[in-house]
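Enquirer: In case you want the letters, here they are:
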Amino acid sequence: DTAVSQTPKYLVTQMGNDKSIKCEQNLGHDTMYWYKQDSKKFLKIMFSYNNKELIINETVPNRFSPKSPDKAHLNLHINSLELGDSAVYFCASSQVVGAGGLGFGTQYFGPGTRLLVL
Amino acid sequence: RKEVEQDPGPFNVPEGATVAFNCTYSNSASQSFFWYRQDCRKEPKLLMSVYSSGNEDGRFTAQLNRASQYISLLIRDSKLSDSATYLCVVTLYGGATNKLIFGTGTLLAVQP
Chain A
1 DTAVSQTPKY
11 LVTQMGNDKS
21 IKCEQNLGHD
31 TMYWYKQDSK
41 KFLKIMFSYN
51 NKELIINETV
61 PNRFSPKSPD
71 KAHLNLHINS
81 LELGDSAVYF
91 CASSQVVGAG
101 GLGFGTQYFG
111 PGTRLLVL
Chain B
1 RKEVEQDPGP
11 FNVPEGATVA
21 FNCTYSNSAS
31 QSFFWYRQDC
41 RKEPKLLMSV
51 YSSGNEDGRF
61 TAQLNRASQY
71 ISLLIRDSKL
81 SDSATYLCVV
91 TLYGGATNKL
101 IFGTGTLLAV
111 QP
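So the sequence lines, in the order shown, correspond to chains A and B. Here our numbering is used: the first sequence runs in plain steps of one and ends on residue 118. Here our numbering is used: the second sequence runs in plain steps of one and ends on residue 112.
For reference, chain A alone in the conformation it holds in the complex (with noise of 0.2 Å):
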């Protein structure tokens, strides 16, 4: 009964490949979002969707593409894998709140993807 998880844990591979994480959440919330952080723990959100359309699109490489398939879930797909790329990658999930939907709600996060890029 995880809130949300994500597949896999661990990714270890080499530069230049194409590779994707996924996210589930069984919260019901309306809002999912992607995180990465790195090495220095800093944690910086990338993307969120909002009842599958895209609502935040921070300054990411467009090697980084986001899919929504539905409310539940948003994939996370990275193409031509450079070293810079090794993080943790966080999905997250909320409901919006407050007046006209805007505010982000409580996050919850899943367990994260660690990715290593050799």
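Some hints here could point you the wrong way.
Unchecked claim - With a straight-line Cα cutoff of 27 Å, these simulated DSS-like cross-link-like pairs (lysine-lysine) come out: (1) A:K22 - A:K67; (2) A:K67 - B:K42; (3) A:K36 - A:K9; (4) B:K2 - A:K41.
Note that these hints are calculated values from the structure, not bench results.
Given chain A's structure and the hints, the job is docking chain B onto it.
Expert: Just chain B now, with coordinates in the frame of chain A:
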């Protein structure tokens, strides 16, 4: 200047001590504030929201100072299990730009 800044620590304190962390934010239009906790090699989890009037949850007290643009977290009677990284989070809403910004975290190590 970073949008959200925290002292990275580590704060090494004995069990039972009181410890306080500060977090400063650069945008005066920031609207919501939170403290998250992240254990080593785990995901962040919400610790508490921070309200303008200040709020308390057991041994934890959070305060907001809008004039000086900082939030604080006070932990009383520290336990070994409080050892973790504490992340300050700020949200900002404005037209097409909605931001959720995490600080780099303050590491707390409670010693027996």
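Enquirer: Is it true that the CA of K2 (chain B) sits at most 27 Å from the CA of K41 (chain A)?
Expert: holds, 15 Å
Enquirer: K67 (chain A) and K42 (chain B): Cα distance at most 27 Å?
Expert: With a Cα-Cα distance of about 25 Å, the restraint between K67 (chain A) and K42 (chain B) holds, given a limit of 27 Å.
Enquirer: Would you check the hint for K36 (chain A) and K9 (chain A), treating anything up to 27 Å between C-alpha atoms as holding?
Expert: holds, 14 Å
Enquirer: Taking 27 Å as the top limit, are the C-alpha atoms of K22 (chain A) and K67 (chain A) close enough?
Expert: Between K22 (chain A) and K67 (chain A) the Cα gap is close to 10 Å, so the pair holds against 27 Å.
Consistency with the previously given hints is maintained throughout, with no hint failing.
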